[in-house]
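Chemist: Now that you have both chains on their own, put them together as the hints suggest.
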Amino acid sequence: EPEVTQTPSHQVTQMGQEVILRCVPISNHLYFYWYRQILGQKVEFLVSFYNNEISEKSEIFDDQFSVERPDGSNFTLKIRSTKLEDSAMYFCASMLTLYNSPLHFGNGTRLTVT
Amino acid sequence: EDKVVQSPLSLVVHEGDTVTLNCSYEVTNFRSLLWYKQEKKAPTFLFMLTSSGIEKKSGRLSSILDKKELSSILNITATQTGDSAIYLCAVTGDMRFGAGTRLTVKP
Chain A
256 EPEVTQTPSH QVTQMGQEVI LRCVPISNHL YFYWYRQILG QKVEFLVSFY NNEISEKSEI
316 FDDQFSVERP DGSNFTLKIR STKLEDSAMY FCASMLTLYN SPLHFGNGTR LTVT
Chain B
69 EDKVVQSPLS LVVHEGDTVT LNCSYEVTNF RSLLWYKQEK KAPTFLFMLT SSGIEKKSGR
129 LSSILDKKEL SSILNITATQ TGDSAIYLCA VTGDMRFGAG TRLTVKP
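Which chain is which? The protein sequence lines are A and B, in order. Here the first sequence is numbered in our numbering, starting from 256 and rising by one per residue. Here the second sequence is numbered in our numbering, starting from 69 and rising by one per residue.
Please keep in mind that the hints were generated in silico from the structure rather than gathered at the bench. Some hints here could point you the wrong way.
To be verified - On the chain B side, residues computed to face chain A include the following (Cβ under 8 Å):
# : residue
1 : P111
2 : T160
3 : F165
4 : A167
5 : T172
6 : K174
Heads up, the beta-carbon is just placed ideally off N, CA and C, and yes, glycines get one too.
The following block holds chain B by itself, in its conformation from the complex (with noise of 0.2 Å):
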């Protein structure tokens, strides 16, 4: 069965760390990986890669796939409050979820 995986579960820091959240997967028609973020309702979009070794960037977000790895990470650098939220990765083709990342970060 096709999987991702996501770690870790649950991540508390504060105001001005950097976090990287971490998902691998196992899936048999790899095309892309897509990061979400949910906070109070539906997730909301924040990067698809298809390639590997080429970071995507956002503000403070960036992110990278690593196809040799099977997985990719995300970063979030000087973190704020408002970045306080769960962070889904998925695998198109699939479509299934990872558990997701809970990401506190205090004031």
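Isolated chain A, as found in the complex (with noise of 0.2 Å):
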């Protein structure tokens, strides 16, 4: 079965470092999402990607924050300058269609930041 993969699984990085997180959503699907999962805390939404534009944002996904769909297949989160809460599991979800299937995740990668 296809499946959403992402690399690296643990990325450790020092404040202030710029890190991409790598995303290959399932091939024939048209919506991208990144979500965020601080330690113990909920799934929270980062953005939505559609026809290669962002289609929504949350008030987390600030400045320092972009995603790129550099090709047809890869999609990147990028934190251009890492702080400490920035801590947490980075999940990359995709779907076929907007209302009538699931979303898929990876399996995520864990960002710690020192």
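Modeler: Put into structure tokens, the structure is as follows:
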């Protein structure tokens, strides 16, 4: 069964450094998402992406964050200058259609900012 | 602001018990509601509900949507320790998740 893949599974970085989290969504899916989950807390929506542009972003997704789909397969989340509070699990997800198909999640990237 | 609210936030039961988890929503453009189970890592899909009153079933799990009450329930019968997880719901279109219900099943 096709799946969403995320790399790396764990990333450790120093405060102030830039990180890029990578995702390969399911190939025929059209809608892409990033979520964040701080340890022990809820799954928080960051951004949705469709047709090569951001459809919606949350208040968490400030100027330090950006997303890109540089080619037909990858979908990346960049954090420009990481802060300690960016430490979390980041999930990528994709959907075939907006309303009548489930969201498929990758296994996540655990980001640790020291 | 659109909202998805789950209750209870936490539940501890013993094996064999039946549990009912609730998800209520206030969204402007409702299309469908999704249930997920999260164990150690990524949420895994359980159900998608689009029509009111039609029960979806998978083994000991079942779920139903009530569009009049803007809510859904997830039932788990004859619970097992392997059902211990966080159960999440989300509404499509909005794609925000509720805070989840942490279910602990004791042997």
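Chemist: Against this structure, judge whether each hint is valid.
Modeler: Right, here's what the structure says about each hint:
1. Annotation: P111 of chain B was flagged as interfacial toward chain A, and the flag holds, the nearest CB pair being 5 Å apart, inside 8 Å.
2. Hint on T160 of chain B holds. Least Cβ distance to chain A is approximately 5 Å, under the 8 Å limit.
3. Because the smallest distance between the Cβ of F165 of chain B and any Cβ of chain A comes to about 4 Å, under 8 Å, the interface hint for this residue holds.
4. Annotation: interface hint on A167 of chain B holds; nearest CB of chain A at approximately 5 Å, less than 8 Å.
5. For T172 of chain B, the interface hint is violated, since its Cβ never comes within 8 Å of a Cβ in chain A; the closest pair sits about 14 Å apart.
6. Residue-level restraint check for K174 of chain B is violated (minimum Cβ-Cβ distance to chain A is 20 Å; threshold 8 Å).
In this structure, the earlier hints numbered 5, 6 are contradicted, and the remaining ones agree with it.
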